[in-house]
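Enquirer: Sequence:
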Amino acid sequence: MNINFIFDILKNDTQEIIDALASKKHDLAKEKLANLSDKINDLIDNTTNKVFLREISKYQVLVEHLKNKVN
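Sequential numbering from 194 applies to the sequence shown in my numbering.
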């Protein structure tokens, strides 16, 4: 799978979560956060590319921050 494609998906998923939070749709945001968190964990578990891991960890930190906002 193309790395740029993966990051486009993560970026879009993250934006959907932010939009849901802005619209006060917290249940939707929680659901999307859980899905995105699972995707990120799967990507981390299945790669050895250090550059990719560094970039994906930025999304992991953002997801954790958004989870704290929702709760």
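No wet-lab data here; the hints were simulated from the structure. Errors might be hidden in some of the hints.
[Claimed, not checked] As a list, the in silico BS3-like pairs of lysine-lysine whose alpha-carbon atoms are at most 30 Å apart:
id : residue 1 : residue 2
1  : K217      : K262
2  : K218      : K260
3  : K217      : K243
4  : K204      : K218
5  : K232      : K218
6  : K217      : K260
7  : K232      : K217
8  : K218      : K251
9  : K251      : K204
10 : K204      : K262
11 : K218      : K262
12 : K260      : K204
13 : K262      : K243
14 : K204      : K217
15 : K260      : K223
16 : K262      : K232
17 : K243      : K232
18 : K243      : K218
19 : K204      : K223
20 : K204      : K232
21 : K243      : K204
22 : K243      : K260
23 : K232      : K260
24 : K217      : K251
25 : K251      : K223
26 : K251      : K262
Enquirer: Can you give the numbers of the hints that this structure goes against, from lowest to highest?
Expert: Failing hints, ascending: 3 and 18.
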